[in-house]
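Trainee: Below, each chain spelled out in residue letters.
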Amino acid sequence: MISLSSIWPEPRQAGAWPWPGAMRLVGLLAAVVLLIFAVATNSYLLTPLGFALIYAVFAAGLNVFMGFAGQVSFGQSAFAAIGGYGSAILTGSYNWEPLAAAAASAVLAGILALVIGFPTLRLRGHYLAMATLAIGLMSYELSVQWESLTQGYLGISGIPPFGIFGFEAATDREQFLVLVAAAALSLFATHRLRHSRFGRSLTAVAGSEDAAAALGINVMRAKLAAFILAAIFASASGSLLAHFIGYISPEMFGLHLVVLGFTMLYVGGIGTVSGPLIGAVVISLLPEAIRGLKDYQDLIYGVVLILILIYAPKGLSSFAGATRR
Amino acid sequence: MSGLQLQSVSKQFGGLRAVDDVSFSLPAAGIHALIGPNGAGKTTLFNLISGRLTPTAGRVHFDGDDITGLPPHRVAARGIVRTFQLVRLFEDISVAGNVAVGCHLHSRGGIGAALLRPRWVRRQERDIAEQCRDSLELVGLAAAAERPAGQLTYGHQRLLEIARAVAARPRLLLLDEPAAGLNASETAVLADIIHAIAARGIGVLLIEHDMELVMRIAADIIVLDFGRKIAEGSPADIAKDPAVLAAYLGTAETEVA
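Protein sequences appear in the order of chains A and B. In terms of this note's numbering, the first sequence opens at residue 86 and continues consecutively. In terms of this note's numbering, the second sequence opens at residue -6 and continues consecutively.
For the record, the hints were derived by calculation from the structure and aren't laboratory data. Backbone N, C-alpha and C fix where the C-beta goes; we use that ideal spot for every residue, glycine too. Where hints are given, some of them may not hold.
Claimed, not checked - Partner residues aside, some chain B positions facing chain A, computed with beta carbon under 7 Å:
| # | residue |
| --- | --- |
| 1 | Ile86 |
| 2 | Ala93 |
| 3 | His97 |
| 4 | Leu98 |
| 5 | Ser100 |
| 6 | Ala232 |
| 7 | Pro235 |
| 8 | Ala239 |
I would like the entire structure built from these sequences, with the hints used as guidance.
Mentor: Here it is, written out as structure tokens:
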């Protein structure tokens, strides 16, 4: 009798973690919680780790579209910008609850992804990359030029910290806990998506669109759903970023964010559930770890990335024995 | 009317008539074959039936419904599932995972069901695992269920593609050159598998160049040449049909007949 877990393969590497997928995720979350306690005494690390958790949300969404469904998008920064500006404007100018503002922004991002995705997702490969790149560039220009709404290059400051139902996460540690919860929820959601009928349809689309369609999968709808999910994740990360820093500007949602997301995915392990978190933590902490090298910092950063991609071409998660595709 | 009916189906690519005014009718059950020299338009005809291509003219009916011009996933939903001449597996996932994708049509649930995973979804996943085992046993790959699909031998990859298609519970299975690249013993196994599929009440239409296999398992044979249907009938009739012999003249295939 084939067990349920056999629907999805174990990692190919020998000596892989013997736990089933869900247990691995629990182990991962436990590690994250331990991390919090570790950093509770070291507030210096709270900020880079906080960024890591926000980027993990962003990368987890990108992973659904790129890792699971095998598509490519250089325009996810646009959806993060919607989350960031939506949260900043709705909480700042209209006194909305942060959670409500983030949710409304995410809905808007999802609707825009539907509208944008419908024509562009017919494109494949490099053409899709170009089309999505254009989306990111347009959103950047829009955030710079639409000064009445975004205050242009100046950005929007004085964004309140995240809060739920009147409770405000005022201290650094409370904010950090919110970010841990958001990242954990993202990983949980992508894990559930991965191991489902919906996740299988994305895998099929990534593997062969013709074969997927021949088995009754609506390829366009699967891609569109993945694109909308990625946009919602990106918007959520943008909202978190706005509340975490208390300030947003167009530069925060530029091409740099897309490059970061890609790097995190490939370093952590694209297509794996834990890869986005592992990549986000490594890429966020690496500059801190090599800061003492001063002039050689950028050089070492680049060399480390290249070494990781040479020796762990499937990402660092393949070492951790974490859930593979 | 049940089964597959083609009425004057044509497909024009620029100046080329890849399929030219082809009509035939197949019953819902049984094993049937589509043969013809290379470039005769067999795969194009499969593409027209399965919805990858839309006919320039003519209609395709299946089980009484007009399916002309439906997109591939809707044709599949009507009960016509195909395999490909060049195997198209989902290589990164396991053998069982491939077959689980085949269960897409007769399972349900989207993003909400995936996130909440209610009891019916968990039960459905158990059913799917059960069906995967059944489909893999049919083609003799049950022992390889956990292996990545990309690691299978070529012959086994072909069988896995068939198992995946059977998991979709088709009423008509279109097999595009299932024996291509298989050795004699693998082809013999394939013949048994096709018989077993037909015994489940699934109609099979196969494109095949292995005449020995076609003559042995097909009830009816349709012969295409230069996009036109030049003959249709039992293997015995086809073997002595002058038009067929002329189309194949000088090729090894005629010797088999």
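Trainee: Each hint needs a verdict: does it hold in this structure or not?
Mentor: Tested hints:
1. Ile86: With Cβ-Cβ at 6 Å, under 7 Å, it holds.
2. Ala93: For alanine 93(B), the interface hint holds, since the closest Cβ of chain A sits about 5 Å away, which is under 7 Å.
3. His97: Because about 5 Å separates histidine 97(B) from the closest Cβ in chain A, which is inside the 7 Å limit, the hint holds.
4. Leu98: The hint holds - leucine 98(B) has a Cβ within 7 Å of chain A, the shortest such distance being about 4 Å.
5. Ser100: Holds, about 5 Å.
6. Ala232: violated (32 Å)
7. Pro235: Violated, because the Cβ-Cβ distance from proline 235(B) to chain A comes to roughly 37 Å (cut-off 7 Å).
8. Ala239: violated (34 Å)
Of the numbered hints listed earlier, those contradicted by the structure are 6, 7 and 8.
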